[in-house]
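Asker: This is what each chain is made of:
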Amino acid sequence: MEDHYPLGVLMQFIPNAPLKKSMLDSLGDHDIDDLFSDIPEKIKITHLKLPEGLSQLQTEERLKILAQKNKSFCELPSFLGGGVKPHYIPAAVKAVVSRSEFYTAYTPYQPETSQGFLQAIFEYQSMIAELTGMDVSNASLYDGATALGEAALMCTRIKRRKTFVIPANISWEKKCVLKNYTKGAGITLKELPYDRKTGKIDVRAYQKALDLDTAGVYLENPNFFGIFEDEGEEVATLCKKNQSLFVVGVDPLSLGIAKNPGEYGADIVIGEGKSLGNPLDFGGSTLGIFACMNEFVRQIPGRLIGLTKDAEGKRAFCMTLQTREQHIRREKATSNICTNEGLCMLAAATYLAWLGSEGFRDLSELNFQRGQDLEKMITKVPGYQLKFNGTHFNEFVIQCDDAKKTYTSLLQGGIHGGLLLGSEYPDLKNCMLFGVTELHREEHMHDLVQLLREVA
Amino acid sequence: MYRSAVYDEPLLKELEDHHEKEHSSSLQSLPKALQRSTALPLPNLDETQVMRHFFHLSQMNYGIESGIYPLGSCTMKYNPKICEEISRWEPFSLLHPSQDASTIQGTLQIMYELEAMLCEISGMDHFTLQPAAGAQGEFTGLLLARAFHETQKDFTRDEVILPDTSHGTNPASAAMAGYKVIEIPSTEDGTVNLESLEKGLSEKTACFMLTNPNTLGIFESDIVEIARLVHKAGALLYYDGANMNAIMGKARPGDMGFDIVHLNLHKTFSTPHGGGGPGSGPVGVKQRLERFLPVPRVVKRGPTYYLEYDYPDSIGKIKAGYGNFSSLLKAYVYILLMGSNGLKETSEIAVLNANYMKKKLVDSGSYTLPGRALRKHEFVLSCEDLLTKRGIRASDVAKRLLDYGLHPPTVYFPHLVKEALMIEPTESESKKTLDLYIETLLKIAQEDPAVVKNAPYNLVVRRVDEVGAVKNPIFTWKDLPKKTEPS
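Heads up: the sequence lines are chains D and P, in that order.
Quick note on the working numbering: the first sequence kicks off at 5 and runs consecutively.
Quick note on the working numbering: the second sequence kicks off at -18 and runs consecutively.
If we strip away everything but chain P, and leave its shape as in the complex, we get:
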């Protein structure tokens, strides 16, 4: 199992052992008024120091090759090495975004074909690859919804409805796009409450945003009826694709009635998360929304690909360039490798793994499963019993897992479930690893609460004081001398 290295690694600035020499500028033409008047305060180190520093840091960081990483709604699957390698080839990585179309035909072909692949996987008609992440995809989708309604001279729709189990980015994106957010309560089962939805829908509704399967890992079986209600009200149905890994080759948002879809390539299609980006959140739409998609679009005329800007109804641009291309390329390679059967197998085993873990954990009696039994690729357990009986919270379980060299699940989300542990094993893990994870969770439930509540013990630091970080904020090393007492 993973064991973190333990270094007292100094800050780069503290590593510096020589100070910069006097520098006389040879520049004649940069007017004095424009010149820097102060010395540039970056640390001066040699390459050995820099490499040892970052090497040490890397050894105190958990990645997908360190072990299982079952963060719910994050789809932390293994990232095939071949995708990384190809993305670094210079004919792809050393292209300027404004190069003449005749000199970038390979790249444009990849984008064109990737759009078609994503259309087939999601059941949509057209895609834009521009958004840099899922949240930006949501934002883009909502700008498309606004453009759609406004083109129909419908200016009254200023509300976005979403369930209380939705990802935090959904309401945040809706607010940024200028919409009022209406949150509807879910059923006890954790699914969309049709009555509340119907009551919420009106001539003011622009869009209903939904994740399916939802954040509890439950498939919204009423989806066809949901789509009918939303469309009857003249609103659009938005699909948050964070959980697409559950249904590839089994069902498609386009067939369910969704009008706008975003997919997270850094989740479902294995382009890595990069410690929090660069990501990629392409957006797909049905035909009636095509003309609003961001420019440029990749088009093919005869055998040649072009970047086309001539779409007068387009919302324009939402990001510089055309998206994080290296992520697009990795997703393209991943889809080629997996193919039709492989993607289907991916979802089947992701769902099988989740239900396997769920059953064993629930059967044990230590953790409970609010809501219906059948889950898709993830499930949310509650530690409420553990808390009442033994005083152990979800966050304690999470920290204790770290001691055993395992990455914890997502905790305290969705808010509907008390003391939530949201587990998504993905298709990447072997049965042996799943069994180990289950055993460890059960073992923790039986451990001395005092031990669990003070975990972790085996990492580079003990439990981190996040409250202290807010009370006494230190955001840069400039803040250090005046704000911390000498140790």
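Isolated chain D, as found in the complex:
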């Protein structure tokens, strides 16, 4: 009877389970444990202390109960900022990433049977290069924070210097990831204060900070407080004079209307690309954007797709400059990254193609406009002031008397307020970082303001 091992639903995923005995026979073995005889007895276990498997129906029912313990944007409109915000995802994008030819594929190591994905990556690289004003984009890194870490490492590899300069107006999370990425290489991080009035960088601080050990300099635009930095050209000039590399972090959506970093002299552009067609996913489904100028391409981390020909001269695509990568170069690779964020990258490519230049600019404008509108609505309420006077995109910092109280009251009223900044930024006590996008309806904004009025 062993040929009909009663596994029920499992058979759907393990087709040979009923053939165990006959297949063992053909191997000349009697028992499945003969195949595990190389495991020493003293470390063998007989079973895992986990519950028995559930049917698909039972599994769905269990997950429905768990789902009910969450309040998503649909039930709880949220104005949380901090770089991650909900955006509308066109059904076309969802349809493309739902094609199993894409989402179940492995990394395209065999180019002849992966031409579809390879071409899509090439198109993603092309569109990211266009957006950022760079020559080359890689095929993605894990997220914006690790992209910053990789950028710092790349700068020190190219310049053979050991200091990387960052402004204080970037997120705590990013600084923390950067610290971990740069520790092994012995890189010193120099953090520069921002202008307390505008929320922007202080160019004089940059001027003072750069020295012969400065490998790279970072600027984020818009920065963590949502504010556009308008002195990129000045920083670029300083970098050039000092022979340091200039790294700019972007919210790609802002590039529909804002100057691209290539226009003001960046050498490397990084960013979090999640907003390009990927779900909030509780902060997952991230997309690390990494682009640079041609002269640095041999030091770029991660995968790179090139356009080439096949044996008969037909256009074809493949992974290229692989001697930079870990599977060839091992400890001398430009990065340890292997699996990246392939599907999130495909979503971004589809999203950009679906919007086109007109749609993308309109969406960018709408997000900017929403940011201005909401800021004006909130600051009209007595007790809520705009913290910084620099021009902002779709996020901004609001100060009030008791941010925690406001946050709690809003939550009780069915609205999720802005991100509390006090714990990570002691000088921004009672400040909240608000974010708004095309997904927030007018009524959400009015409800928010109404509640703020009641709290104040």
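Hints should not be assumed to be uniformly reliable.
[Said to hold, decoys possible] Capping the alpha-carbon separation at 20 Å, the derived lysine to any residue pairs in SDA-like fashion look like this:
| no. | chain 1 | residue 1 | chain 2 | residue 2 |
| --- | --- | --- | --- | --- |
| 1 | P | Lys340 | D | Ser41 |
| 2 | P | Lys452 | D | Met297 |
| 3 | P | Lys434 | D | Gly317 |
| 4 | D | Lys380 | P | Pro12 |
| 5 | P | Lys13 | D | Glu237 |
| 6 | D | Lys336 | P | Asp384 |
| 7 | P | Lys434 | D | Gln303 |
| 8 | D | Lys318 | P | Asp145 |
| 9 | P | Lys340 | D | Lys46 |
| 10 | D | Lys318 | P | Val451 |
| 11 | P | Lys62 | D | Arg66 |
| 12 | D | Lys318 | P | Asp460 |
| 13 | D | Lys187 | P | Lys134 |
| 14 | D | Lys336 | P | Arg443 |
| 15 | P | Lys452 | D | Gln303 |
| 16 | P | Lys134 | D | Gly188 |
| 17 | P | Lys62 | D | Lys313 |
| 18 | P | Lys413 | D | Met15 |
| 19 | D | Lys183 | P | Glu131 |
| 20 | D | Lys24 | P | Ile419 |
| 21 | D | Lys46 | P | Leu210 |
| 22 | D | Lys318 | P | Arg443 |
| 23 | D | Lys313 | P | Asp446 |
| 24 | D | Lys25 | P | Leu415 |
| 25 | D | Lys318 | P | Arg17 |
| 26 | P | Lys459 | P | Arg17 |
| 27 | P | Lys(-6) | D | Gly363 |
| 28 | D | Lys48 | P | Gly320 |
[Said to hold, decoys possible] Far from chain P by the CB rule (all over 12 Å, computed), these chain D residues:
| no. | residue |
| --- | --- |
| 29 | Leu31 |
| 30 | Ile36 |
| 31 | Lys163 |
| 32 | Glu195 |
| 33 | Leu196 |
| 34 | Asp206 |
| 35 | Val207 |
| 36 | Lys245 |
| 37 | Asp431 |
[Said to hold, decoys possible] Partial selection, computed: residues in chain D whose CB lies under 8 Å from chain P:
| no. | residue |
| --- | --- |
| 38 | Leu23 |
| 39 | Tyr107 |
| 40 | Gln123 |
Worth flagging that the hints you see were computed from the coordinates, not collected in a lab.
As the structure is a prediction and not an experimental result, all values here were calculated from the model.
Each residue gets a CB set at the ideal place from its N, CA and C atoms; glycine is no exception.
Chain D is fixed; fit chain P onto it per the hints.
Answerer: Just chain P now, with coordinates in the frame of chain D:
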């Protein structure tokens, strides 16, 4: 069998048939200095064009539903549809990472329970779900090792030892974490050479990294002794979990003596590879390393779950957010579906399938199997005989398999085996499919070498010129007009 569609699919940019209209900005408040001065150069297409384009591309791409995908060390198993569907439910997919804990209890419970499940499966005490992939798990693990040693005022340990059969990410991660990499040669059998290990270990060793079963599919039977030697030297033992699909419910790295473990949820736990991500590489540790784990940790107080940041010895963060949540959710659903028996059955059949294929292929005489006979979930054949006798290389066999609608195995890895074909069928394939794959490999070995060496013929392109791609690099469509001659 799978047949690729053949389209001469233009680039998105080449599909465009109208140019953008003049656009007058209604924006007053974005200062001129901040505004884009050039037109945004994205293609303007309608939805039909976009969908046909990506549909065509998808039809020229092999996925797990196209057929068997036996890439060694990659565990390309079938991905149950239910996992995908649940991961797209809005109560999970539409949550902001900074939402108040009271509004995300379901998600936190899933993370908390998944950590416990992974602890049980691997025999570890605590897990972090933050790493975005296996390589990031390795990097995290090595940062933990450094924190551990430094806390003990041990600052001399700057070396990581690993066998020459290890995955390329191992040495790359060690280097990124600031360690010197010491590679030790394996025995002829392909396992850890205890003598070399003992010689390599010293007061400078931070960590020994090992995959078990190793990349040849061989279980390191000396593992208990290996652990004893590593610990005696004051070093830590790291488990690369890429091959965990071989031993679930049979043995656990925690019981073998490993201190740090990463698991690849996109391999063993079937969250798909996504064409190369998003992945997930959770890291498990023994109790003595818990305090160094990344923050936040998911904790439970009474009936309520929280994200806790208050761990002063933590290494901090290695990624934005808390990991690729949709992958975590899919793995959680997968483990619920399989349960204790199902996971054990998974490993048993994965190993049975591999040994079944191995025996038939080796018995045929066309391919050889360097090293010991008993394998776990994968095995590495050599095409050296084929090369000497008929001039056929491993890469030729791989390309010829494509003509028959089958995905090739991993080739030329591990480097220890000449002309390597690394085959991992997984538990997802039926005996019929395994037989077909075996027959096809044997058939190729008998084919006219000239035919095999020029394969493939039946796909959208013939053999791709990878050397040309390096010599004449074209990374974006901006590079096109100036660098390619008109066809």
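Asker: All the hints need checking, so say for each whether the structure fits it.
Answerer: Outcome of the hint check:
Straight-line distance between C-alpha atoms of Lys340 (chain P) and Ser41 (chain D) comes to about 17 Å, which keeps the hinted pair within the 20 Å bound. For the hint pairing Lys452 (chain P) with Met297 (chain D), the CA-to-CA distance comes to about 18 Å; that is within 20 Å, so the pair holds. For the given pair, Lys434 (chain P) sits about 17 Å from Gly317 (chain D) by alpha-carbon distance, which is consistent with the 20 Å threshold. Proximity of Lys380 (chain D) to Pro12 (chain P) is assessed by CA-CA distance (about 18 Å); at most 20 Å being required, the pair is judged to hold.
A threshold of 20 Å between alpha carbons decides the hint, and for Lys13 (chain P) with Glu237 (chain D) the separation of about 14 Å falls inside it, so the pair holds. For the proposed pair Lys336 (chain D) and Asp384 (chain P), the alpha carbon gap of about 36 Å is over 20 Å, so the pair is violated. For the proposed pair Lys434 (chain P) and Gln303 (chain D), the alpha carbon gap of about 34 Å is over 20 Å, so the pair is violated. Between the alpha carbons of Lys318 (chain D) and Asp145 (chain P) the distance comes to roughly 39 Å, so the proposed pair goes past 20 Å and is violated.
For the hint pairing Lys340 (chain P) with Lys46 (chain D), the CA-to-CA distance comes to about 28 Å; that exceeds 20 Å, so the pair is violated. A threshold of 20 Å between alpha carbons decides the hint, and for Lys318 (chain D) with Val451 (chain P) the separation of about 17 Å falls inside it, so the pair holds. Proximity of Lys62 (chain P) to Arg66 (chain D) is assessed by CA-CA distance (about 16 Å); at most 20 Å being required, the pair is judged to hold. In summary, the hint linking Lys318 (chain D) to Asp460 (chain P) is supported, as the alpha carbons are separated by about 17 Å, within the 20 Å threshold.
Taken as a hint, the Lys187 (chain D) and Lys134 (chain P) pair is honoured in the structure, with Cα atoms around 17 Å apart against an allowance of 20 Å. Taking the CA atoms of Lys336 (chain D) and Arg443 (chain P), the gap is about 32 Å. The hint is violated against a cut of 20 Å. For a cut-off of 20 Å, the pair hint linking Lys452 (chain P) to Gln303 (chain D) stands: about 16 Å separates their Cα positions. Between Lys134 (chain P) and Gly188 (chain D) the CA atoms are separated by roughly 17 Å; this keeps the pair inside 20 Å, and the hint holds.
A hinted pair counts as satisfied when its Cα atoms are at most 20 Å apart, and Lys62 (chain P) with Lys313 (chain D) does not qualify at roughly 36 Å. Taken as a hint, the Lys413 (chain P) and Met15 (chain D) pair is honoured in the structure, with Cα atoms around 15 Å apart against an allowance of 20 Å. For the hint linking Lys183 (chain D) to Glu131 (chain P), the alpha-carbon distance of about 16 Å falls within 20 Å, and the restraint holds. Proposed proximity of Lys24 (chain D) and Ile419 (chain P) is supported: the alpha carbons are some 18 Å apart, at most 20 Å.
Under the criterion of a C-alpha separation no larger than 20 Å, the hint pairing Lys46 (chain D) with Leu210 (chain P) is consistent with the structure, at around 17 Å. Of the pairs offered as hints, the one joining Lys318 (chain D) and Arg443 (chain P) holds, with about 8 Å between alpha carbons and a cut-off of 20 Å not exceeded. A C-alpha spacing of about 6 Å is found between Lys313 (chain D) and Asp446 (chain P), which places the hinted pair at or below 20 Å, so the restraint holds. In summary, the hint linking Lys25 (chain D) to Leu415 (chain P) is supported, as the alpha carbons are separated by about 16 Å, within the 20 Å threshold.
With a C-alpha separation of about 37 Å, the suggested pairing of Lys318 (chain D) with Arg17 (chain P) is violated against the 20 Å cut-off. Distance check on the hinted pair: Lys459 (chain P) and Arg17 (chain P) sit about 19 Å apart at the alpha-carbon level, within 20 Å; holds. For a cut-off of 20 Å, the pair hint linking Lys(-6) (chain P) to Gly363 (chain D) stands: about 16 Å separates their Cα positions. Restraint check for Lys48 (chain D) and Gly320 (chain P): the C-alpha separation of about 19 Å stays at or below 20 Å, so the hint holds.
The claim that Leu31 (chain D) lies off the interface is violated: its Cβ sits roughly 6 Å from the closest Cβ of chain P, which falls inside the 12 Å cut-off. Separation of Ile36 (chain D) from chain P is inadequate, the least Cβ-Cβ distance of about 5 Å not exceeding the 12 Å criterion. Listed as a non-interface residue, Lys163 (chain D) keeps its Cβ farther than 12 Å from every Cβ of chain P; the least gap is roughly 18 Å. Taking the minimum C-beta to C-beta distance to chain P, about 15 Å, the non-interface status of Glu195 (chain D) holds against the 12 Å cut.
Every CB of chain P lies more than 12 Å from the CB of Leu196 (chain D), the least distance being 21 Å, so the non-interface label holds. Every C-beta of chain P lies more than 12 Å from that of Asp206 (chain D), the closest at about 18 Å, which supports listing it as non-interface. Non-interface call for Val207 (chain D) relative to chain P: holds, since the shortest CB-CB distance, roughly 14 Å, exceeds 12 Å. With 12 Å as the threshold on Cβ separation, the claim that Lys245 (chain D) sits away from chain P holds: the shortest Cβ distance comes to roughly 21 Å.
For Asp431 (chain D), the non-interface assignment is confirmed: its Cβ lies about 19 Å from the closest Cβ of chain P, beyond the 12 Å cut-off. With a cut of 8 Å, the hint placing Leu23 (chain D) at the interface with chain P holds, because the nearest CB-to-CB distance is about 6 Å. A least Cβ separation of about 5 Å between Tyr107 (chain D) and chain P falls short of the 8 Å threshold, and the interface hint therefore holds. With 8 Å as the threshold, the beta carbon of Gln123 (chain D) comes within range of chain P, its nearest partner Cβ sitting at about 6 Å, so the hint holds.
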